[in-house]
Each structure stands twice: as C-alpha cells, then as structure tokens.
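Engineer: In case you want the letters, here they are:
There are 2 protein chains.
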Amino acid sequence: MSVTTKATIASFGGKLLKLSHAATSTKCEMNFNLYLPPQASSQKVPVLIYLSGLTCTADNCSEKGFFQHAASKKGIAVLYPDTSPRGLDIQGENDSWDFGTGAGFYVDATNAPYNNGYNMYTYVTEELPKTAFAAFPQLDSSRVSITGHSMGGHGALTLFLRNPGKYKSVSAFAPISNPINCPWGQKAFAGYLGDDKAKWAEHDATELVKKWKGPLDVLIDVGTGDNFYKQGQLLPENLEKAAKESGVEGVTVRYQPDYDHSYFTMATFSDDHVEHAAKYLFA
Amino acid sequence: MSVTTKATIASFGGKLLKLSHAATSTKCEMNFNLYLPPQASSQKVPVLIYLSGLTCTADNCSEKGFFQHAASKKGIAVLYPDTSPRGLDIQGENDSWDFGTGAGFYVDATNAPYNNGYNMYTYVTEELPKTAFAAFPQLDSSRVSITGHSMGGHGALTLFLRNPGKYKSVSAFAPISNPINCPWGQKAFAGYLGDDKAKWAEHDATELVKKWKGPLDVLIDVGTGDNFYKQGQLLPENLEKAAKESGVEGVTVRYQPDYDHSYFTMATFSDDHVEHAAKYLFA
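Quick mapping for you: the protein sequence lines, in order, are chains V and Z.
In terms of the UniProt record's numbering, the first sequence opens at residue 1 and continues consecutively.
In terms of the UniProt record's numbering, the second sequence opens at residue 1 and continues consecutively.
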C-alpha cells in the first residue's frame, strides 16, 4: 500500500503529485497523479476521479485539462489513474493503440491472457482509492465523484451506473456511450471479456442506464467536430435514447459546436464539470 | 504574405488557428498559432504576443499555458510565434538544445553563419505582426501587448524596452533577465552576435532598463522552486536592482513559493498576466 512520490509540482495554489505504487489487482507498478487543492492543507477535501482515454497516461489531463483551475477554487482533489497495466509483457498488448497497453477499458478481463492483470475495473473502483485514502488522510473517502474522457467517459459512466451510491456524481467528455455497438468497444470487450455478449452489456452505459432506478444527473459534453463522434465510436444518442425510453431522466448531452476530441475541449469545459461534481460533493 | 491554415481548433468559445507562412526575415516557412477569442467574430480585438522558451514551438503554450481561458473572457487575441527558424541546415544549429533550432533568443544574428536567417527580432517585431494583421483584419494593430516565458520572457522584456510605445504592456514568466551574465545568454549572444559586448547589452533587459525614461509597469512571476532560477540563469534580482538604482519604478517581481519552470506555473498565473495586459489594451 505504500506510495512513492516521484514529483511534487505547484499548481493553482495546491500541489500536483506524481505517484506510483505496487498494485495487486494489475500486477505491476502503477503510476497515478493526485492534485491536492490548497484547502487540503487544513481540512478534508472530496475527490474527483478523472479517467483518461485511449493511449493516455495520468499526465495528459493533468497538463492540458485544467481541472486544477476549478478544483483549486472549490477545494476538490483530483485523482488521475493510468489507463492500463504497464509492462506485463502479455503477448499482443502493445500491438494496437486501442487495445492492451493504454487501453484497459475499465473492465476486469476474464479472457486469457488478459485476465492476468488487466483488471482496471477493480483497480479504479477499489485498489487505487483505498491506496490513496490510506496515503493521504486529507482525502474524504465518503465524498467521491467521477468523470472521464472518451474511453474514460465510458469508464466514468459505467462505474457510476454499476455502483449506485458509490460516487456522488458523474460526468463525461465525449464518452464511448454504447461500446457494444462501436468498433473500439467491440474489439476491447471481445479481447478482455470473450464472446459472451451478456458480459459485454454489464459494461455498456446504454445498457446499464436502462436498469437505473431513481433520479440521475449526468453531464456529458460532446463536440460536433469530434471525428470519433462522427465515425460512430461514441454514440451518445444511443445513451440518450435508452434513458428516455426507460423513463430515466437527467441524461444531459451538450453537443458543443465545432469542438473536437482533444484536450482543448476538456480545457474549455472542465470548469463546468468540476462545478457539476461540486454541487454533489458539497451537497 | 499569404498564410496557410493547418488546423482550426475550437477553444474557450473561440478558435485556435495553427498557421504557417513563408517568412522573408528567417528565410523559411514559419509556423505560428493564433487564438481568436469569440469577440473577434464581431469586432476588432487587441493582441497579446506570447514568446516561448527554449526548445518550445508555438504549440506548447497553446496547449498548456491556459492563456485562452482569460483571453476568451477579455476578448484578446493571442499570437504564439515559433522560437527560431526551422530547417535552414546551418552547420551546428541542431547540436544544442539551448542554441540554434528552438533557441533564436529574439535577436537578429550578426555573426556568421547564423546571420543567414536567425533574425527572430525582426521576425517577431515586424514580419509576423504584419503578416497576421494582413491576414486577420479583426486584429487591432494599434493595441498589442507582449509576454513570454524564460527565453521568451527575455524576448518580451527586451522587445518592449527597445521599442517604447510599440507595445501597450509587458509581462514575463521566469524571464532570462540579465542574459549577458548567465550561461544561456552568453552562449547565445556569442553565437549570434559575436564578441562585441556592446551589442550584447542592447539585448539585455537589465542593461536596457537603466536607460528607460518614464513610468514602467512590468509584471514578472518567478517560482522559487525553479531550478533555472536557482542555477542563476534567470537573475531577476539583477533587473530589479538595476531598475531601482536607475530610479525606474514599476518592475514587480513576484517570487511564487515552490513554483517551478514548467507550464504548470504559467497555467496558474496566466489569468493574472492577461489581466495585466487587458488593463492597458483596454485603457
């Protein structure tokens, strides 16, 4: 459970910590970043988990997403996990940019050989928070929200929908909203979960929202200039439709004119997503 | 004078344009970025020139500096030049990270072989603005401010001090404030300007401030955790001392506890620097 501090960087009045720890669930040393806002030096602060997209590490959004800007004002810590195990030397894990290394898809693999370490679901929902809460007592484990981008938007939505009550709120940028019906998701789920489509549905936000009971308040931003949106990798309309047809209210997709799939989009709207989380973390 | 648009990226309600043009002064195709705030679609907007540091291109600060955040609110365009000519194939230009490519130091070289294209002073003060104003009539050529980081902080200070009235305001992050007395500056000036120390002094902010007449209002942020500051590459104290001894008021150096030389520092304080420029651009 011990955490190694690799860098401490002053940012927006707080500290961005670059950390690592030996993870059991993913069977390797895992890097992660933690932003501690200035308020964390004198009080407990809630936590916003940000899940990254394909090919990213914990660093990309820490540098380009500007979540620290609003998190600093609100007094929210931001936890940035990595996107997959690293260096397991599983055959084929480095062959594609959208599968294997950098592309763990926030599931626990059941299919060999990926079931030997590709357990990003357990890692993000259990091991990493437990590790972070133990190492940083200023984090309030009872107040955690989740957000993410693209593959990480899929992660945020599905982790939230699978675990009612675990997270205070959820939002997403350009999420893969219906992975069982898009090429990225189909490739990943086939590789990690095998052929059993019932297992796939357990990690599909559009399928999960159909079973949601009670109120929901999901903020989603998708750029209309996002090539992956245009290519049908994201399918936020399917999520909206499924929610509507199931009588689940509160799935808000904002289609942002011209915005693309990049961190420029996140930088533009991260204040809104931190605000959305703050509404519930400080309720 | 024609400008090629390589990318148009939505950012903070405006557009970040990745551009290039065939530059005469630097004898090569030069990339630059221009952020047009939302206000530029309906009115003339003033311009803040941001000069980058060693090894950087126009992209680094566009992605990580967070200037668009405040520029969007204030209605200020941000012009990001590159840091040197590219691809001139001058012998030795790619041998060091702190000289030659990516390290033009905002001077016009007089020393061979660099006098054949390393004219970043003329490029930034004349050719690039002229090109940008011709291509983008929504830019107000009568309202221009300047800022920069490290080598670009040196550039901002010296271009401002050498050209009274040309820029409405100046600010800098971790500027090389007394290049004639630090290793980076000595190497660059020897290479670009030769042995004549009188020429060096013409591009040294600490020397130039001694001759300044009238009021001055320079905002400078330097992190106390900045390794290059600790190593004596920046020497902001020399600038402060020279200003004070010359009776020049208004050189404000804020020593920011723990902040380093990275873009995390700029992201944290860029709002302040845009605000500083806005005070004069909208005076």
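The hints are simulated quantities; they were obtained by calculation from the structure and are not laboratory data.
The reader is advised that the hints may include incorrect statements.
Where chains are identical, the list cannot tell them apart; a pair therefore holds if satisfied intra-copy or between any two copies.
As the list claims (entries may be wrong) - Heads up, simulated DSSO-like pairs for lysine-lysine below, C-alpha to C-alpha not over 30 Å straight-line: (1) 74 <-> 211; (2) 64 <-> 279; (3) 210 <-> 6; (4) 15 <-> 230; (5) 230 <-> 18; (6) 6 <-> 64; (7) 230 <-> 244; (8) 44 <-> 130; (9) 279 <-> 74.
Engineer: Does each hint fit the structure? Answer for all of them.
Structural biologist: Structure-based check of each hint:
1. 74 <-> 211: neither (33 Å within a copy, 46 Å between copies)
2. 64 <-> 279: Both. Shortest intra-copy (24 Å) and inter-copy (27 Å) distances satisfy the 30 Å Cα cut-off.
3. 210 <-> 6: neither (43 Å within a copy, 43 Å between copies)
4. 15 <-> 230: between (38 Å within a copy, 20 Å between copies)
5. 230 <-> 18: Close across copies (22 Å), not inside one copy (35 Å); limit 30 Å.
6. 6 <-> 64: both (20 Å within a copy, 21 Å between copies)
7. 230 <-> 244: Within one copy, since 22 Å is at most 30 Å while 59 Å is not.
8. 44 <-> 130: So residue 44 and residue 130 pass the 30 Å test inside one copy only (16 Å; across, 53 Å).
9. 279 <-> 74: both (10 Å within a copy, 27 Å between copies)
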